[in-house]
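So the protein sequences, as listed, match chains A and B. Under the numbering used here, think of the first position of the first sequence as 1, with each following residue one higher. Under the numbering used here, think of the first position of the second sequence as 348, with each following residue one higher.
Derived from the structure by calculation, the hints contain no laboratory data. Using N, Cα and C, we set each Cβ at its ideal position, and we do this for glycine too. Be aware that one or more of the hints could be misleading.
What the hints assert, rightly or not - Facing chain B, a subset of chain A residues (Cβ under 7 Å, in silico):
#1 215
#2 219
#3 223
#4 230
#5 232
#6 234
#7 235
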Amino acid sequence: MGTVLSETARDDQAGLDVIAIRLRQGRLRAVLIVLALLAAFSAWALIDGGLQLYLQRFFDGVTNGLLYGLGALSLVIVFKATGIINFAQGPMAMLGCYLALTVLDLGPVPVVAAIVVAMVLSGLGGAVLERVLIRPFDQNNHMAIIMVTLALFLGFNALAALIWGFHPKSFPSPFPQGAADAIVIAGARLSYQAIGTAVLVVATVVVLEAVLSRTRLGLAFRCVASDVERSRLLGIDIGRTVQFSWALAAAVGTLGACLIAPSTYVDPGFMNKILVYAFAAATLGGLDSIRGALVGGLLTGLSVSLVTGYLPGVGSELGLVVGFAVIIAVLQFKPAGLFGNRAMERV
Amino acid sequence: MTAEPLLRMRGVRAFYDGVEALHGVDLTVDAGEVVVILGANGAGKTTTLRSICGLTRTTGEIRFAGQDISGAPTSSIVRRGVAMVPQGRGTLTDLSVEDNLLAGAITRRDKDVAEDIATWYDVFPRLALRRHQSAGSLSGGEQQMLAVARAMMLRPRLLLLDEPSLGLAPVIVRDLFDVLTRVNRERGVAIVLVEQNAALALDIAQRGYVLEAGTIVLSAPADRLREDDAVRLAYLGY
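Working from the sequences, and respecting the hints, build out all of it.
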């Protein structure tokens, strides 16, 4: 054997991963800056409005934020595998939510079971969608595919209106939702619905991370996310892997919609507003980072809740503006997001 | 068993966006053989390797292990036992060293994957030390070692290497070629080598082809190529 490469590296060289260390430092700095901003705003809010109001806004922000994170997650999954942003993700989740409603209408089914059925159906739907409407296009022509997702955005909204009408419907919560079903901390309500949602979202992320890091399909997904042509040389079927990502994203999106719906209402456009927040969350967290999606969602939710709750003149109707402001600020100062490696090039 | 070679290309033309880059290439590789492809930049060496893997649109006949693979998707060609180390390392830079090796065996269904990984860590101890680091953080030499180990994780019958020595220190290149020789001798893996370092490549190859502007202009045993005046002048530099 030769000399240089077979030679055992010295101990002090082992684990010396300069790039990873620098990346970690950069992330830490960015997260600290964001946290400092939030802390400063929170301090002012506490003095201005007192503990109870602040805690209430904080709980609301976290709950909504986790849901935005789930929406962001479904965007991130498809972006990682394909490099495109699926503008139809919101309407897809909305359709999934209607599916759950339809299952509930069919007979006395527990809400959770209806949601699971809807997730499975949307997963299958996502897979079919990828095969029929995405794969026929040149995968390197991102603009063409983004146009397809925009068309789907409009098409799905119209389809839902056609089938289920514009009349808003209410969606039952899988958790107890009465006035008394809450923990009260310093006068602020933390509902069981919020706690249950948080647990489900975190569990989803944990399961997803496990699937991606431990299964063969997950490894294929990470390979494709890293480099398509090199993955092809490993014998990976790119089409099937991308299809898996669409199915996964559709199922996650449906779960998100079904968890959001109890606190809003269901109509063909109800996920469009959420989609904007999910964009903000994904951009903030980094479009190619799963954990980033969750953190980005939390930060977006908190920002929206605190800004609309405290700043005079910014009512809840202007929450979307806060979402857009987050997107613009991130693109300006840290285009790759807090945890991302890939910057959004052009959309 | 027929006397058919492991790989046979006959009249292969390759196209990039409709432009023909290979004009009817004939090339064979026997099982367990090392074949080198020499040629100037743009002669079509990389295209030849890409054609074998189904990464380029081709016409003509490409047969591997007695079966027609022309026009087959890359994933099915790789599954038959063709591994390629593309130019510029070909590791998945976002993934850890260990995940790269696992990914190399992603099409395998047998239970020996962990054992094979241990074997390659023995061959390249530096990879073992950096197993949890991302491949992108490795040095050039380490990345090329990882690329070769990753390709070997497929347990290929044919290994295609595109300029493996590019950008590496001479002492590392020598090590790399030692390993390639061992892979060929001990495991019987046939190798097609595209290489600028013609002297080194001809040392480990049994036969060679010279490619010029998309056409094979010369095909001969390695020692004959080394003696050939034109080859010496153009590729060996003496």
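Which hint numbers doesn't this structure obey? Hint 1 is the one this structure does not satisfy, whereas the remaining hints hold.
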